[in-house]
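> Construct all of the structure, not just a fragment, from the sequences and the given hints.
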Amino acid sequence: MTLGLFLDIGSTYTKGRVVELERGELVASAKAYTTVETDVTLGINDCLLELSRQGIKEKYDIKLASSSAAGGLRMVAVGLVRDLTTEAAKKAALTAGARVEKTYSYELTPEDLDEILALNPDIILLAGGTDGGNKKYLLENAKKLSRLKIKGTILVAGNRSAATEVAGILEGKVDFRIAPNVLPDLNTLNIEPVQNLIRQIFLEKIVEAKGLKKAEKIVDKVMMPTPLAVLKGAELLAQKIGELILIDVGGATTDVHSVAKGLPTSSGVSLKGLPEPYAKRTVEGDLGLRRTVKNVVEYGQEEFYNSGITSEQLNGYLEKIYRNPTYLPQTPREKEIEKALTRICVKTAMNRHAGRLEEIWTPAGKSFVQYGKDLTGVEALVGTGGPLVYAEEPEKVLAAGFFEENSPHILKPKKPELYLDTEYVLFAAGLLAENNREAGLKLLNSVKKL
Amino acid sequence: MKEVNLVLGVIGADVHAIGNKILEYALTNAGFKVHNLGVMVSQEEFVKAALETDAKAVLVSSLYGHGEIDCRGLKEKFIEAGLDDVLLYVGGNLVVGKQDFTEVERKFKAMGFDRVFPPGTMPEEAIQALKEDLGLM
Numbered sequence: 002m003t004l005g006l007f008l009d010i011g012s013t014y015t016k017g018r019v020v021e022l023e024r025g026e027l028v029a030s031a032k033a034y035t036t037v038e039t040d041v042t043l044g045i046n047d048c049l050l051e052l053s054r055q056g057i058k059e060k061y062d063i064k065l066a067s068s069s070a071a072g073g074l075r076m077v078a079v080g081l082v083r084d085l086t087t088e089a090a091k092k093a094a095l096t097a098g099a100r101v102e103k104t105y106s107y108e109l110t111p112e113d114l115d116e117i118l119a120l121n122p123d124i125i126l127l128a129g130g131t132d133g134g135n136k137k138y139l140l141e142n143a144k145k146l147s148r149l150k151i152k153g154t155i156l157v158a159g160n161r162s163a164a165t166e167v168a169g170i171l172e173g174k175v176d177f178r179i180a181p182n183v184l185p186d187l188n189t190l191n192i193e194p195v196q197n198l199i200r201q202i203f204l205e206k207i208v209e210a211k212g213l214k215k216a217e218k219i220v221d222k223v224m225m226p227t228p229l230a231v232l233k234g235a236e237l238l239a240q241k242i243g244e245l246i247l248i249d250v251g252g253a254t255t256d257v258h259s260v261a262k263g264l265p266t267s268s269g270v271s272l273k274g275l276p277e278p279y280a281k282r283t284v285e286g287d288l289g290l291r292r293t294v295k296n297v298v299e300y301g302q303e304e305f306y307n308s309g310i311t312s313e314q315l316n317g318y319l320e321k322i323y324r325n326p327t328y329l330p331q332t333p334r335e336k337e338i339e340k341a342l343t344r345i346c347v348k349t350a351m352n353r354h355a356g357r358l359e360e361i362w363t364p365a366g367k368s369f370v371q372y373g374k375d376l377t378g379v380e381a382l383v384g385t386g387g388p389l390v391y392a393e394e395p396e397k398v399l400a401a402g403f404f405e406e407n408s409p410h411i412l413k414p415k416k417p418e419l420y421l422d423t424e425y426v427l428f429a430a431g432l433l434a435e436n437n438r439e440a441g442l443k444l445l446n447s448v449k450k451l
Numbered sequence: 226m227k228e229v230n231l232v233l234g235v236i237g238a239d240v241h242a243i244g245n246k247i248l249e250y251a252l253t254n255a256g257f258k259v260h261n262l263g264v265m266v267s268q269e270e271f272v273k274a275a276l277e278t279d280a281k282a283v284l285v286s287s288l289y290g291h292g293e294i295d296c297r298g299l300k301e302k303f304i305e306a307g308l309d310d311v312l313l314y315v316g317g318n319l320v321v322g323k324q325d326f327t328e329v330e331r332k333f334k335a336m337g338f339d340r341v342f343p344p345g346t347m348p349e350e351a352i353q354a355l356k357e358d359l360g361l362m
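Here the protein sequences come in this chain order: V and B. First residue of the first sequence: 2, per my numbering; consecutive thereafter. First residue of the second sequence: 226, per my numbering; consecutive thereafter.
Keep in mind the hints are simulated off the structure, nothing from the lab. Because the structure is a prediction, the values reported are computed rather than measured. Each residue gets a CB set at the ideal place from its N, CA and C atoms; glycine is no exception. A couple of the hints might just be wrong.
[Stated by the list, open to error] Quick look at which bits of chain V chain B covers, simulated, 3 or more residues with Cβ under 8 Å: (1) 114-124; (2) 176-187; (3) 356-367.
[Stated by the list, open to error] Sample of chain V residues at the chain B side, in silico, Cβ under 8 Å: (4) 85; (5) 134; (6) 135; (7) 164; (8) 271; (9) 370.
[Claimed, not checked] The calculated DMTMM-like cross-link candidates involving lysine to aspartate or glutamate, where the alpha carbons are at most 20 Å apart (straight line), are: (10) V:137 <-> B:309; (11) V:273 <-> B:309; (12) V:273 <-> B:269; (13) V:137 <-> B:279; (14) V:64 <-> V:47; (15) V:136 <-> B:249; (16) B:302 <-> V:47; (17) B:258 <-> V:108; (18) V:137 <-> B:249.
So, in structure tokens, the structure goes:
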């Protein structure tokens, strides 16, 4: 038997998955508290101890980890026009698994610079101008950033014609890398080189800075941020079951990944806006079941009304989870409330992730313009993460992400099959697929069809 | 010729795509770097694209007769964005019906367009004008 150990060193828990590599079969799972503040190896050893209690005695052939501990990979994105280079930079950062704290456009103001210093991001992604296009803002922003005492790395991915000059400005002042332009021209999004460099910086610098290097006393390598491992897992799953949408509702955020082209599904539709990445990730920082639950309540009054939940019942439950964020619903009513909250997160996050259709009346008749991805034809909707996996009726929760007849302009999936990552293997499959794609694919058999 | 960026598009709720493609082809062949925004382009999109691409000229087409309303205020938006120096060209069936072209030209020049082209203009004419205005002769 050849065994692989996969660890997700998360912000609260360190989760371990043991996989038999030939059959791609999950053989054991364990979790322990993450101890990155003191010594990350303590939590990992707890996790290993738990696995050995479950009878895992063999040596592991590979031991790989991903991490979102110590705040995850924190980035800010700087561009020129908000819905052009800034948006391109944001997309690149998100699909590299980063937490995008803030985005900035045009010339950075003194207030922006103060804020960036205070945020102290791991990476500042600096874009601006298409290749051969505008240089002024990129150079100006590089100068301004070079005067700050920045601890993180500046990743430059702007106008190629200004790259050498930018390098000259940053040289000797801050740690920086130069990537190819993230938006070489208005119709081309070039995020892969930026993603690769982000990962390289993560491996070389951030793992060390966040106290994760010690983990490598036990595991072979901390490979990537967990969200990237999940995205890679989702891409692999799409090779198996076709284009898909993956949704993960958490305590603070809701993540949506779509692995789909998203081209228009009806004729006579013109596409507008930036091109979309095939594997796209969006993170809703205001949608979560604990830390950000206040907003969720605000967005979904209708949902409580429909489920017959009174405001007293709701407030009672909210009191409990404010006092104790790790509280899990106990009574049928509490479970009902948690379900309603999760549905609101799913629905709102899907509304924002999916593309939309705008109806325009022209002298030649009605015409449609599409922004973002058309996901109406996507045939798989996958849930992952505790709140979806442990929901009593996960199919009803996931159904909140479906296309709605009364808002047909939001291009959400119409009749997807539902899947659930019940064993939490997507991150492990993403890590495993790096050097053993076949085993990764087999491991994804643990993703259950509902 | 040094790489010169141009922005091209059909303004407003206008869906006439063929002339737009022909222009893109002709301008690219003439050695320009063309950023074609296609049809149904708003004023804001023209401004944003010109800013990112450092365009030297923006070529606005309008074929459906509503050009006057669609183009009004475009020059002002370019000035607001600090793009006062960008050349603005407009061409096509800019107004409804058969109006005297000198009158149409006067109207659009007053709106801030540097050149105004009547219906039936060949691409070569616009290319020639660009070369003159940009000092590429």
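> Decide, hint by hint, whether the structure agrees.
How the hints compare with the structure:
1. 114-124: The restraint on the segment 114-124 of chain V is violated, since only 0 of its residues have a Cβ under 8 Å from chain B and three are required.
2. 176-187: Satisfied; 3 residues make the cut.
3. 356-367: holds (count 5)
4. 85: 5 Å, holds
5. 134: 4 Å, holds
6. 135: It holds, given that the least Cβ distance between residue 135 of chain V and chain B is near 4 Å, below 8 Å.
7. 164: Residue 164 of chain V check fails; min Cβ-Cβ to chain B is 15 Å, beyond 8 Å.
8. 271: Nearest chain B Cβ about 6 Å off; hint holds.
9. 370: Status holds, d = 6 Å.
10. V:137 <-> B:309: Since the Cα atoms of residue 137 of chain V and residue 309 of chain B sit roughly 15 Å apart, the hinted pair holds (cutoff 20 Å).
11. V:273 <-> B:309: 26 Å, violated
12. V:273 <-> B:269: Holds, at roughly 13 Å.
13. V:137 <-> B:279: Status holds; Cα separation ~9 Å.
14. V:64 <-> V:47: 16 Å, holds
15. V:136 <-> B:249: Since the Cα atoms of residue 136 of chain V and residue 249 of chain B sit roughly 24 Å apart, the hinted pair is violated (cutoff 20 Å).
16. B:302 <-> V:47: 62 Å, violated
17. B:258 <-> V:108: 26 Å, violated
18. V:137 <-> B:249: Measuring from Cα to Cα gives roughly 27 Å; hence the hint is violated.
Comparing the model with each numbered hint stated earlier shows that hints 1, 7, 11, 15, 16, 17, 18 do not hold.
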